[in-house]
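Line order of the protein sequences matches chains A and B.
All you need for my numbering is the position in the first sequence, starting with 1, plus 396.
All you need for my numbering is the position in the second sequence, starting with 1, plus 477.
To be clear about the criterion: a stretch of chain B counts as covered by chain A if any three or more of its residues have a C-beta under 8 Å from a C-beta of chain A, and this derived list gives those stretches:
#1 540-548
#2 553-567
#3 579-589
#4 614-628
What follows is a set of in silico ranges between Cβ atoms, one per label pair, in the way DEER data are often shown:
#5 Gly544(B) to Arg483(A): 14 to 24 Å
#6 Glu584(B) to Asn491(A): 39 to 49 Å
#7 Val476(A) to Lys645(B): 47 to 57 Å
#8 Glu589(B) to Leu465(A): 37 to 47 Å
#9 Leu465(A) to Asn586(B): 31 to 41 Å
#10 Val476(A) to Glu589(B): 36 to 46 Å
#11 Gly614(B) to Phe678(A): 36 to 46 Å
#12 Ala660(B) to Val677(A): 49 to 59 Å
#13 Glu649(B) to Asn562(A): 27 to 37 Å
Worth flagging that the hints you see were computed from the coordinates, not collected in a lab.
Even glycine gets a Cβ: it sits at the ideal position worked out from N, Cα and C.
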Amino acid sequence: MTAETIIQSLASGLLMGLLYGLIAVGLALIFGLMDVVNFAHGEFLMIAMYATFFLFVFFAIDPLLAAPLVAAALFVFGAVVYLLIVRFAVRAKANAGMVQIFSTFGLAIVMRGLAQYFFTPDYRSVTHSWLGGKTVSVAGIFLPVPQLVGALVAIAAFGALYLFINRTDFGRALEATREDAGAVALVGIDKNKVFALGWGLGAALVGLSGAVMAIFFYIYPDVGASFALIAYVTVALGGFGSVFGAFAGGIIVGLVEATTALLLPPSLKAVGIYAVYLLVVFIRPRGLFGSM
Amino acid sequence: MLSVHEVTTAYQGLVAISAVSIEVAKGEIVCVAGANGAGKSTLLKSIAGAERPRSGTVSFDGMRIDGMAQHVITSRGIAYVPENRRLFPRLSVRDNLRLGSYLYRGEVNREEPLDLVFKLFPRLQERLEQRAETLSGGEQQMLAIGRALMTRPRLLMLDEPSQGIMPKLVDEIFQAVKRIRDAGMTVLIVEQRMSECLEIADRAYILQTGRVLMQGSAAEISVNPDVRKAYLGL
Chain A
397 MTAETIIQSL
407 ASGLLMGLLY
417 GLIAVGLALI
427 FGLMDVVNFA
437 HGEFLMIAMY
447 ATFFLFVFFA
457 IDPLLAAPLV
467 AAALFVFGAV
477 VYLLIVRFAV
487 RAKANAGMVQ
497 IFSTFGLAIV
507 MRGLAQYFFT
517 PDYRSVTHSW
527 LGGKTVSVAG
537 IFLPVPQLVG
547 ALVAIAAFGA
557 LYLFINRTDF
567 GRALEATRED
577 AGAVALVGID
587 KNKVFALGWG
597 LGAALVGLSG
607 AVMAIFFYIY
617 PDVGASFALI
627 AYVTVALGGF
637 GSVFGAFAGG
647 IIVGLVEATT
657 ALLLPPSLKA
667 VGIYAVYLLV
677 VFIRPRGLFG
687 SM
Chain B
478 MLSVHEVTTA
488 YQGLVAISAV
498 SIEVAKGEIV
508 CVAGANGAGK
518 STLLKSIAGA
528 ERPRSGTVSF
538 DGMRIDGMAQ
548 HVITSRGIAY
558 VPENRRLFPR
568 LSVRDNLRLG
578 SYLYRGEVNR
588 EEPLDLVFKL
598 FPRLQERLEQ
608 RAETLSGGEQ
618 QMLAIGRALM
628 TRPRLLMLDE
638 PSQGIMPKLV
648 DEIFQAVKRI
658 RDAGMTVLIV
668 EQRMSECLEI
678 ADRAYILQTG
688 RVLMQGSAAE
698 ISVNPDVRKA
708 YLGL
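Let the sequences and hints guide you as you build the complete structure.
This is the structure we're talking about:
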C-alpha cells in the first residue's frame, strides 16, 4: 500500500463523508426539533433520486439543475408527511414511542412498495449527465467530479443552514421550539407550523443529497436502506439532534469507511463504521457533539 | 376588558377550578390570591389557552377567546408569564427578548417595547449576551416579564412572580408591575404572597379550593378580619 493510495482513498472518503453529512442532517434536524426519528429517511432519499432521474429522462433536466426543484418538492413532501401523519402520531395517548416509530417505519415500507409497483425494481441510472463519470486530478490525486461537486453542495448547504438558523426569525423560532416546544405559544408562535417547517427543511436537505447521489449511484426502490443506516450512525455519532454534529459525524463516517476499505475486503466495509459507532455509544452515549 | 364567567377546568377528571368568575377592567391591577392548590394557576392557564375550560366562557374585549389556540390568544394581546417562566434556557437574553417580538417581525419598530423593558430591568441590558439559564431566579423572572412585554400585550398575566426570588428583587418586580400599569397595560397577578400583592393591586379575589371565596377592592380585602387572620398572619 503506497502513501498515494492512502491519500487517494482518504480524499474520496472525505468527499463521501460530506455527502453522508448532508444526507444525515435532515434526520438530525427533525430529531432535535421534536425527538422523533424519521425511519422513512432513506425512502425520502430514494424518491429524491427517482425524481431527479425522471426529470432527466422526461425533461432532459440535468441533475445539477434539478437539485433545487427536487429539494423544493421534497420540502412540500416532508411538510405534508408531518401534517398528515406525524402530527397525529405524536399525540398518541398510549405507547407514544412505538406509535412514532411504526408510523414512520410503516411509511418507509409503503413508499418502497409503491416505488416497486410504479417504478419496477429495475436498477436505473442517469447516463450522460454533465458531471457523470468525469474526474479531475489535484496534485496527483484523482477525484470524481460528481462527488467533488456533491461535497461542495454539502458545504454550501450547511453554510446556508447555519445562516438560516442563526440569522432569521424562523431559524430562531426553530431553535426556541427545540428548547421548549410548549413555550413558543407564549410569544405567539404556532409550534405546528414550526414542526411542519422543520420536516420540510429536513426533507429538502435529503432531497438535495438525493439529486447529487443520482448522478453517480444506481437508483432502485431499496436504495435508501443502506444510506439510511449510515445516516442513523452519523446522527448518533455527531450527537443526537445536533445539526453540526451531523456534519462532523458524516466526515468521520466517510473517512472510517475509506480506511476500512483499505484494510478489509469490500464486503466487510460496514464493519469499521459499526465498530466506531459502538465505541462512541459505549464511551460517549450522547455522541461527539451532543448535549443532554 | 377581561371577563371570566363561571369557568370550570378539570385535569383528568379532577376539578381544579369550579364556576369561577372574575372581571378585570382596563388599566387595573387585579390580584388573585390564595393558598397552594387553590386553583390560581389553573385560572390563568384557562384564560391563556394553555388549558381548555370544561365549561364557562372567557371574553377579552367583548370577544370569546375560550377554545382558541394558545398562540392565537397571545397574538390577541394577552401575555402570560407562567409559574416556571418557560424561558428558552440555552438561548441568549437578547434572543429570548427578540423572540418576544416574533409577531412583529418585518416591522421596523418591532423592538419598540425594549426601551420600557430596559427601563424596568436595567440588569437585562447588562446581560444581553448571557444564556437565559445562567441568570439568577430574579433575573429570569425579569426576562420572562420582559419577553412577555415584547409581545405588546394589553393584558399581562403573571403567575407567582415572587416565587424563588430574593426578597429584595421581589419588591423590584412588584414596583415594575406598577410601572407597567402606568405605561398603559392591565395586569392580572396570581400570588401566594398576599400582602405585597394587595399593596399594589386595585382589586383582589381570594380563591379557595377552586372557588372564589371573596372579592373586593384591595383596601377592603386587606382590612377584612378573616383575611388578616387566615392569610396575612395578623
